[in-house]
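Modelling step: build the complete structure from the supplied sequences, incorporating the hints.
Here are the chains, one letter per residue:
Protein chains: 2
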Amino acid sequence: MVVGTARIRFGIAVRRQRNQLGWSQEELADRSGLHRTYIGQIERGARNISIDNMECLAEALAVSLSELLKSE
Amino acid sequence: MVVGTARIRFGIAVRRQRNQLGWSQEELADRSGLHRTYIGQIERGARNISIDNMECLAEALAVSLSELLKSE
Chain A
1 MVVGTARIRF GIAVRRQRNQ LGWSQEELAD RSGLHRTYIG QIERGARNIS
51 IDNMECLAEA LAVSLSELLK SE
Chain B
1 MVVGTARIRF GIAVRRQRNQ LGWSQEELAD RSGLHRTYIG QIERGARNIS
51 IDNMECLAEA LAVSLSELLK SE
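These protein sequence lines are chains A and B, in that order. Position 49 of the first sequence, counting from 1, maps to 49 under the UniProt record's numbering, and the rest follow consecutively. Position 7 of the second sequence, counting from 1, maps to 7 under the UniProt record's numbering, and the rest follow consecutively.
Each hint should be verified, as a subset may be incorrect.
Put simply, identical chains are the same to the list, so a pair is met inside one copy or across any two.
To be verified - Capping the alpha-carbon separation at 25 Å, the derived lysine to any residue pairs in SDA-like fashion look like this:
hint, residue 1, residue 2
1, 70, 21
2, 70, 12
3, 70, 24
4, 70, 16
I should point out that these hints are in silico values taken from the structure, not numbers from a laboratory. This one's a predicted model, so the numbers in the text were calculated from it and none came from an experiment.
Right, dumping it as structure tokens:
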């Protein structure tokens, strides 16, 4: 497993969960307390997100952090 | 779920996995490429660890990131 794949998997899972809820990135940003552009960067796997921010997203999406990091 | 609990759960899971392998913090530091004092801080939930470093630890411990973040 090459380092850096977890970011990509996490971003894909956040986007999938957000879309399932029918939310825009703006909506997820409001609910998680994070910035909209940051949400976009996370979904693209472009940011080395911290565990606290990962937890904010999981809580806003009402899904476990473990779930968001499950391999495909 | 209060933000900051994921750090604590992750730290506990890293310590448990390390102990199961019979490794010192030094050994895990060598295998993950992270500093020994940083390992100690992570295990105490004292650092807001990034996803890339979480992945380094999971890979060194030969366990999935999702596994390390499972709630008790």
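Of the hints given before, which are not true for this structure? none
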